[in-house]
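Listed in order, the protein sequences are those of chains A and B.
Under my numbering, the first residue of the first sequence is numbered 266, with each subsequent residue one higher.
Under my numbering, the first residue of the second sequence is numbered 266, with each subsequent residue one higher.
One should not assume that every hint holds.
Any copy will do: because identical chains look the same in the list, a pair fits if it lies in one copy or spans two.
In silico SDA-like pairs for lysine to any residue, Cα to Cα no more than 25 angstroms straight-line [unchecked claim]:
#1 K286 with N322
#2 K284 with E442
#3 K407 with L282
#4 K307 with Q370
#5 K426 with D271
Since the hints were made in silico from the structure, they are not lab data.
Number of protein chains: 2
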Amino acid sequence: MKIVTDISQWIKLRKSLPKDKSIGVVMTMGTLHKGHLSLVEKSKKENDITIVTIFLNPTQFNNQSDFINYPKTWEEDINLLENAEVDFLLAPLKEDIYPDNYNYQLSEKSLSKILCGKSRPGHFDGVLTIVMKLLQLTQADKAYFGEKDFQQLYLIKEMAKAFFVPTEIIGCPIIRESDGLAFSSRNLRLSKKGREKAKIFAELIKLNKPLKQIEKQLEQNYIKVDYLEEHFERRFAAAFIEEVRLIDNFSLEEVEA
Amino acid sequence: MKIVTDISQWIKLRKSLPKDKSIGVVMTMGTLHKGHLSLVEKSKKENDITIVTIFLNPTQFNNQSDFINYPKTWEEDINLLENAEVDFLLAPLKEDIYPDNYNYQLSEKSLSKILCGKSRPGHFDGVLTIVMKLLQLTQADKAYFGEKDFQQLYLIKEMAKAFFVPTEIIGCPIIRESDGLAFSSRNLRLSKKGREKAKIFAELIKLNKPLKQIEKQLEQNYIKVDYLEEHFERRFAAAFIEEVRLIDNFSLEEVEA
């Protein structure tokens with residue numbers, strides 16, 4: 266695996282890649298887990314060349330402490346990607362990604378304002394802006410995103426359509442730990458007790474009960490609900506456990522009896 | 266010249282173009298004049314294939330009457346482009362360009378707020394959004410823009426850098442009529458008398474005098490000044506003549522003694 270951190274070097278390298286090879290990209294903020302690796306695996310299957318990007322994007326964090334405390338596991342990440350036989354790791358510097366000091370922004374005026382967008386003002390502007398930059402830098406045929414961030418996936422898909430970006434945006438199913446909790450880099454921030462609560466969170470939000478009742482049960486377990494809503498035949502949940510924000514979602518067909 | 270109005274057809278056609286040919290693009294809102302043709306000529310010289318786009322972009326008009334009254338000379342445009350030996354004319358429909366109903370927007374937070382951006386709120390959001398769409402659709406090596414819209418050119422250049430768009434943005438000098446007035450599609454809206462005033466506008470703004478004094482002279486000629494300012498060693502002017510908004514700019518080195 267070739268690791269590139271210098272943007273100019275990357276642009277040259279990208280131009281030198283053979284034009285008849287198909288390219289897949291998986292965009293991450295590092296601290297890789299099985300969710301990310303499932304995307305890498307799919308990209309490896311469907312493309313000649315797989316690029317992974319690691320960039321802890323400051324503009325999508327509305328909460329500074331969340332940004333500072335976001336887990337970082339650089340060496341483990343590289344090992345995982347080497348083992349997965351990724352071809353290129355692009356891990357650029359903040360100054361190189363935002364030469365414009367974030368003066369140029371991409372935003373969405375409707376669906377980015379509900380759910381996570383409501384709780385985290387400016388979050389999706391940051392997401393859409395960085396994704397557009399990385400789409401341009403990687404010029405991939407396919408880009409893979411997890412359904413755990415379902416709202417993000419939806420907004421990225423629609424952005425690519427709206428701007429006629431030639432890269433196909435592909436959503437991939439949520440990967441869960443054995444007890445049902447969705448894999449997330451932020452899970453690493455939980456204490457043992459917090460991790461138990463996270464399991465309860467994952468269980469309760471799947472119950473076939475009125476949302477108000479589930480919310481009450483969550484609060485009884487000292488899980489602070491950010492939102493619990495249903496849109497587009499899906500249930501979406503976000504909650505704080507030990508000040509760590511966890512999100513999850515699933516189709517209403519999956520709601521347990 | 267092949268004329269394409271259907272976006273899906275265009276995307277297929279673009280994919281079928283040989284990858285070893287260089288491509289230049291000139292983006293216009295139609296009603297072509299010598300300014301546009303100078304861009305086409307440069308593109309023809311520097312590339313194997315030249316694409317011209319015609320799209321009267323509604324989202325960059327803050328003034329509805331300006332949009333409705335914007336001149337349209339479709340048949341003459343096609344003749345001019347045929348004569349210039351343009352390869353492709355892409356003239357898409359509004360509904361196809363904004364499938365998202367303009368929910369996705371590109372914006373700039375600093376220099377887009379002065380000069381034309383101050384007088385025309387939202388104008389540059391519309392410009393940057395449509396240019397990014399057309400850059401993605403055309404996937405050209407080079408895109409040519411006139412310096413008459415100097416602020417626009419600057420913002421597009423910086424946007425392309427900020428988003429790592431692989432297309433090189435090239436600025437081209439202003440083309441002027443024999444009496445010094447910069448070519449503009451809006452000139453067609455002027456009466457004979459208005460056209461005479463426009464000449465006076467072009468003359469006065471080049472005088473080597475304090476700006477306040479020039480402004481006074483313009484008003485004495487019944488030319489309504491929108492702005493007359495100097496930035497980055499350039500003088501920028503915008504004014505209304507018969508409710509038609511004209512703009513111009515030049516380097517301070519060009520200011521007449």
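Hint check results:
no., hint, result
1, K286 with N322, "neither (29 angstroms within a copy, 36 angstroms between copies)"
2, K284 with E442, "neither (39 angstroms within a copy, 45 angstroms between copies)"
3, K407 with L282, "both (16 angstroms within a copy, 20 angstroms between copies)"
4, K307 with Q370, "neither (30 angstroms within a copy, 31 angstroms between copies)"
5, K426 with D271, "between (29 angstroms within a copy, 15 angstroms between copies)"
The structure is inconsistent with the numbered hints 1, 2 and 4, although it conforms to all the rest.
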